[in-house]
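Asks: For reference, the chains in residue letters:
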Amino acid sequence: MMSEPRKIPAPQPNVENQRFFDAAAEGKLLIGQCDACGRPHYYPRALCPFCLAESRWVESAGKGAIYSLSTMRRGAGAPYTLAWVTLDEGPAVLTNIATDDHDALKIGQRVRVQFTPTEGGPPVPMFAPE
Amino acid sequence: MSIRNKAYISGAYEHPTRLAPDKSTPQLHAECAAGALADAGLSLKDVDGYFCAGDAPGFGGMSMVDYLGLNVRHVDSTETGGSSYILHVSHAAQAIAAGKCSIALITLAGRPRSEPFGRQLGNAPEAPFEGWVGQSTHNSYGMCAARHMHEYGTTSEQLAWIKVAASHHAQYNPHAMLRDIVKVDDVINSPMISDPLHRLDCCVVSDGGGALLVVSPDVAKSLKRPLVAVRGAGEHVKGPRGGMNLDLTTSAAAISGPAAFAEAGVTPADIQYASIYDSFTITVLIQLEDLGFCEKGDGGRFVADGNLISGTGKLPFNTDGGGLCNNHPTNRGGITKVIEAVRQLRGEAHPAVQVPDCALAVATGIGGALGARHGAATLILERQ
Numbered sequence: 001m002m003s004e005p006r007k008i009p010a011p012q013p014n015v016e017n018q019r020f021f022d023a024a025a026e027g028k029l030l031i032g033q034c035d036a037c038g039r040p041h042y043y044p045r046a047l048c049p050f051c052l053a054e055s056r057w058v059e060s061a062g063k064g065a066i067y068s069l070s071t072m073r074r075g076a077g078a079p080y081t082l083a084w085v086t087l088d089e090g091p092a093v094l095t096n097i098a099t100d101d102h103d104a105l106k107i108g109q110r111v112r113v114q115f116t117p118t119e120g121g122p123p124v125p126m127f128a129p130e
Numbered sequence: 001m002s003i004r005n006k007a008y009i010s011g012a013y014e015h016p017t018r019l020a021p022d023k024s025t026p027q028l029h030a031e032c033a034a035g036a037l038a039d040a041g042l043s044l045k046d047v048d049g050y051f052c053a054g055d056a057p058g059f060g061g062m063s064m065v066d067y068l069g070l071n072v073r074h075v076d077s078t079e080t081g082g083s084s085y086i087l088h089v090s091h092a093a094q095a096i097a098a099g100k101c102s103i104a105l106i107t108l109a110g111r112p113r114s115e116p117f118g119r120q121l122g123n124a125p126e127a128p129f130e131g132w133v134g135q136s137t138h139n140s141y142g143m144c145a146a147r148h149m150h151e152y153g154t155t156s157e158q159l160a161w162i163k164v165a166a167s168h169h170a171q172y173n174p175h176a177m178l179r180d181i182v183k184v185d186d187v188i189n190s191p192m193i194s195d196p197l198h199r200l201d202c203c204v205v206s207d208g209g210g211a212l213l214v215v216s217p218d219v220a221k222s223l224k225r226p227l228v229a230v231r232g233a234g235e236h237v238k239g240p241r242g243g244m245n246l247d248l249t250t251s252a253a254a255i256s257g258p259a260a261f262a263e264a265g266v267t268p269a270d271i272q273y274a275s276i277y278d279s280f281t282i283t284v285l286i287q288l289e290d291l292g293f294c295e296k297g298d299g300g301r302f303v304a305d306g307n308l309i310s311g312t313g314k315l316p317f318n319t320d321g322g323g324l325c326n327n328h329p330t331n332r333g334g335i336t337k338v339i340e341a342v343r344q345l346r347g348e349a350h351p352a353v354q355v356p357d358c359a360l361a362v363a364t365g366i367g368g369a370l371g372a373r374h375g376a377a378t379l380i381l382e383r384q
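In order, the protein sequences belong to chains A and B.
Position 82 of the first sequence, counted from 1, bears residue number 82 in the working numbering, the numbering being contiguous throughout.
Position 375 of the second sequence, counted from 1, bears residue number 375 in the working numbering, the numbering being contiguous throughout.
In short, the hints are calculated from the structure, not lab data.
In this text the structure is predicted, and so the values were computed from the model without any measurement.
One or more hints might be untrue.
To be clear about the criterion: a stretch of chain A counts as covered by chain B if any three or more of its residues have a C-beta under 8 Å from a C-beta of chain B, and this derived list gives those stretches [stated by the list, open to error]:
hint	segment
1	5 to 11
2	14 to 26
3	37 to 43
4	56 to 65
5	76 to 85
6	89 to 103
Built from N, CA and C at the ideal position, the CB exists for glycine as well.
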């Protein structure tokens, strides 16, 4: 059952994460990196969620694998696929898989970040099969 | 300090409505409160503690305390989605054990069928990063089911058995939204909503509500209702924690469940009846594993072949028909889980599904998004 493509609502950045969306507009995916405990994280925060030290925001290579997924078959914008993608750097990202062939997607599949326009806001990091 | 035997559930009421276009949400809360008070044989002026969650209109209990005409010395509006009301019983028991109140009222009500609402992240810290992904409950729980199938070979047919069992129970509940018995094929042939969850893997949407009264031992023993003791409780909140702790096949119930059993001093093998929050079939399967009714990954085999059907299966569950068939008031099923457990322990469930001489029950629930951030609460209840 096809319907109109899903409209992607504009994210509403705040003063903590505006830099993430500024980077997104330049095609860069930022993740959090803590120099105190050494761990990366996503979504990025000003303070590391493992030790509350100040974290750096670093660019991810934007590549990873699908951890799990579910394709919505009903309602506005269906079909579209919600997924957790595990980045090669470690953190998992809740995202959508941009594809015309949702039935071909599977767990473990390699994907790469693909920034997608939103309704009047900055682009957002979806992922597409490599 | 343990809450074991420090508090009793002496009032329980499930609103019979499933569609209430002509009532306000606060009105439904009040009708539920009146129902629970009548059930217990108490009056409004006896209540000295009040518990509500995110479904309560207004400001964290203040509006509802005033609307309901309460005069309380303890208030708690802890919000863990649909599991809140199971957690509230535990928090009420703690407050009673500490002498902060002696008659605690818990209410839930809402009208998602009359006035549909979507999932809103609001000003949550994850909202800028996740508000645009189109996460509903269906695809969030769908990702958990997909991962469970991937890791453990769980099948849609096994998940369907959970719905089949619920339907066998719902046929006896005159208030249930769905009273027809369904078969495994009916579930897997129902329309796909969000892979791999079919329409019949999903709970109903209903207006309605419920209320509970948790009271001190002295109060409980002065009333004419059977004694249903809070014997143990646990709670936990789980999330992806920076994306480094993602595990969609294990829920927060893996912490809340064992904590409740440990406090109660019993094991899953001792449980005669289980109320397991069933927002979706997968929600039940993962909680059964996390509570220790079977090994992680064996949930599919555990629920198959009618093992959850009262009278024939090993673990009778959700004998009111649960959220899958009976009622899921305001998209939050926690309170109905406690209410049916109380009915079973009192011997007041429908005779066709009543567990003989039911003395020990579990009520457990998951609220929020199982595929992202969620809360779990577990209660062990005992008839004395």
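Asks: All hints are to be evaluated individually against the structure, with a verdict given for each.
Replies: Tested hints:
Residues of the segment 5 to 11 of chain A lying with their CB closer than 8 Å to a CB of chain B number 5, which satisfies the three-residue condition for coverage. Beta-carbon proximity to chain B at under 8 Å applies to 4 residues in the segment 14 to 26 of chain A; the threshold of 3 is reached and the given coverage holds. With 5 residues carrying a beta carbon less than 8 Å from a beta carbon of chain B, the segment 37 to 43 of chain A meets the three-residue requirement, and the given coverage holds. Residues of the segment 56 to 65 of chain A with a Cβ under 8 Å from some Cβ of chain B number 0, which does not satisfy the need for three, so the listed coverage is violated.
Evaluation of the coverage hint for the segment 76 to 85 of chain A: fulfilled, as 5 residues show C-beta separations to chain B shorter than 8 Å, against a requirement of three. For the segment 89 to 103 of chain A, the stated coverage by chain B holds: 7 residues have a C-beta nearer than 8 Å to a C-beta of that chain, and at least 3 were required.
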